[in-house]
Amino acid sequence: MLKKTHTFFLVLVLLLIAALTGCNGSDKASNESGSQKTIKFMHLWPAGSSKQQSLIVSDIIKQFEAENKDVKIELEVLENEQYKNKIKVLSSSNELPDVGFTWAAGYMTPFVEGNLYADLDDVLNEGLKDSFVSGTTEAYALDGKTYGLPLELNIAPIYYNKEIFEKYNLEVPKTYSEFQTIVKTLSDKGIAPIALGNKDRWTGSLWYMYMADRIGGSDVLNKAIDRTGSFEDPALVSAADEIQKLVNENAFNKGFNGLSNDEGKSEFLNGKAAMYLMGTWELPNFTTNEELPKEFRDNVGFFKFPTVEGGKGDIDSWVGGPGVGLFVSENSKVKAESKEFVKFFVEKWGEQAVEKAGVIPATKVDTAKIELPQLYIDVLNELSKASNLTLFADVQMSASVAETHLNLIQSLFGNEVKPNDFAKKHEEALKAEERK
Amino acid sequence: MNKVMSNKKVIAMYIAPALFLVLALIYVPIVQTGYFGLMKWNGIGDMEFIGLKNYSHLINDPLFWKSALHSFLLAVFSALSLIGYLFISIILAGKIRGANLLRKIYLIPMLLASVAIAQLWLKIYHPTNGILNTVLISLGVDNPPAWLAESNLALYAIIVPIIWQYAGFYILIYYAALKNIPESLIEAARIDGATPLQIALKIKLPLIMNVIKVTIVLAVVGSLKYFDLIYVMTDGGPNGSSEVMASYMYHKAFKGFDFGYGSAIGFFLLVICLVVTFIISKLTKTKNDTY
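Residue numbers (full-length UniProt numbering), protein chains in the order written: chain E, 1 to 436; chain A, 1 to 291.
Quick caveat, the hints were computed from the structure, so don't treat them as lab data. Cβ coordinates follow ideal geometry from the N, Cα and C atoms, glycine included. Wrong hints could be hidden among the right ones.
[What the hints assert, rightly or not] From the derived model, a few chain E residues whose C-beta atoms are all more than 10 Å from chain A: (1) Arg-201; (2) Lys-254; (3) Glu-309; (4) Ala-368; (5) Leu-408.
[Stated by the list, open to error] Now the stretches of chain A that chain E is said to cover, found in silico as 3 or more residues with beta-carbon under 8 Å: (6) 79-87; (7) 92-104.
[To be verified] Partner residues aside, some chain E positions facing chain A, computed with beta carbon under 10 Å: (8) Phe-64; (9) Asn-68; (10) Leu-259.
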């Protein structure tokens, strides 16, 4: 009897081991049969949290499969963070999907250096290049070659609450001194002038970037980062100084350094703060999002970051950048088909994204053809007038410099670092990176 | 049955699966982490062997030692909080009315998920709408601090919920240990004229000393490797003022893409925990210790 139990137990263990190891082998055989080709495609818009985007994607895939009968798209969908993690794991074992999502500049660099992304210049040169807004594909270029095709484009205007502005007889500011008057008026009345959640740190970085742009012109920060210039440029130091002045004038809501972006944003959404500087990905919240009261949504306008008197910056220069983009795996067995698919995807996405999902695509949009809320049309019109687009600083920088930058931003806003040291520490971090 | 249980082959067979899992899932990764710590690796490309550079960098990294100091502070506060919990447990284990209900009340925070606790305390600490500041303002405090946003307060503000979180756990352990003391011993002491205080200090405490030692190790080691509430509530901020060793490791590895250095920190953290556990067990050593 006892012997039997042990035999049974042993068999059970063996079965378990077999089951654990056996799961792998089965799915390989089916793909390569016949002339059918399979493109593995991973994206990060699950139907649950990004319904509209997800619908557009499946629609595009269906169209592509209908036009290319011998190609099948195999889909894998993950949430943002899981997606990033899985890509990291897959890349270390050289098993990236044929087509997937990537981010620009700093995020992309290690993948490109590891020869994991295919260069997509041939796709761009087939006429696709002209349909992109200028400055968007550049963010996906490294050493003159483009490795990703951007899908989204965001710029960061300052949203404001028209009701609050009207109540205190305030006008949209054109210059920085007008802006400071607004800040002063509001903070005297006990209203937080600007909503900010700086626990996430890149939120504060936006303010700093604009300040640097308006004081020193559009390339001073870029040059400091790509090492053709220095971070100790007087313009970058005085931008830091201006930020601290704003903080000391109580321009931001209380405790912003401990609040996440969402918490900071809620100050604006509740009408407790008058202004909010954020990317255009927030536009749905101010136009179509039914969860926010209509009176509030109708009261949101936006303006461009004002020019600083005596500064070199131009009011039509924006901080922003492309969001996610598509890459094709260098080691893909179906590279030609994948490139075809990527091209098809970008074109179709550009036609539908803004209208159906409220996402501004990186390709040019013809506002005359589509029906959109006025706020979107205004933003798109501004976008076509844009003189410059500066990519988010933390995206431009390599990961470790970006961490230093973000921490310094938090200390700058928290009055814990002097503008000079702020610049000096950036310079040190950038130099250390250069030496590597 | 006895015969089977003393058969070495059978014992080995029963132990093997668990041993295998522990080896594969815990010890192998530990060795691997130590190995990665010798590499320069961004988590994606090829690894490059750089010997002990990560470790020598670690020894000279002021930010790491700052986070280590924060971890030790947390450990000290957690250990001190045990005194409070012990005191509460002694009262609960005495025959007071409603002890049962109180015990449940203390236990409830432990049932909440860390992230839920973090969200709860984020609301409490909210600089303008939070309960804490609302109460302070209504008490006439003019400009209450913005707790988690102030670099000199953030760490302490976050230690409070961490300690609060584990109250139920330690109280439950102490309570169970105290209830295990035979009633006859206490009865005898009482007959000999011992005061309740004497009974608590001279009879109950020595009898649960082993349990106390275990809880000290748990509290200290748990604090040294603590991560979750800090990650959710401040993410180590503002500017590293609430960074602890584990969150520093996370930032280096997953935000800074320096997995080599991150692994070195992780391995060092393990060494620190081992050393501290060893020291504590030495310090509190008595006869008949077995763990």
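Comparing the hints with the structure gives:
no. : hint    : in the structure
1   : Arg-201 : violated, 7 Å
2   : Lys-254 : violated, 5 Å
3   : Glu-309 : holds, 31 Å
4   : Ala-368 : holds, 43 Å
5   : Leu-408 : violated, 8 Å
6   : 79-87   : violated (count 0)
7   : 92-104  : violated (count 0)
8   : Phe-64  : violated, 29 Å
9   : Asn-68  : violated, 31 Å
10  : Leu-259 : holds, 7 Å
Hints 1, 2, 5, 6, 7, 8 and 9 from the list above are not met by this structure, while the remaining hints are.
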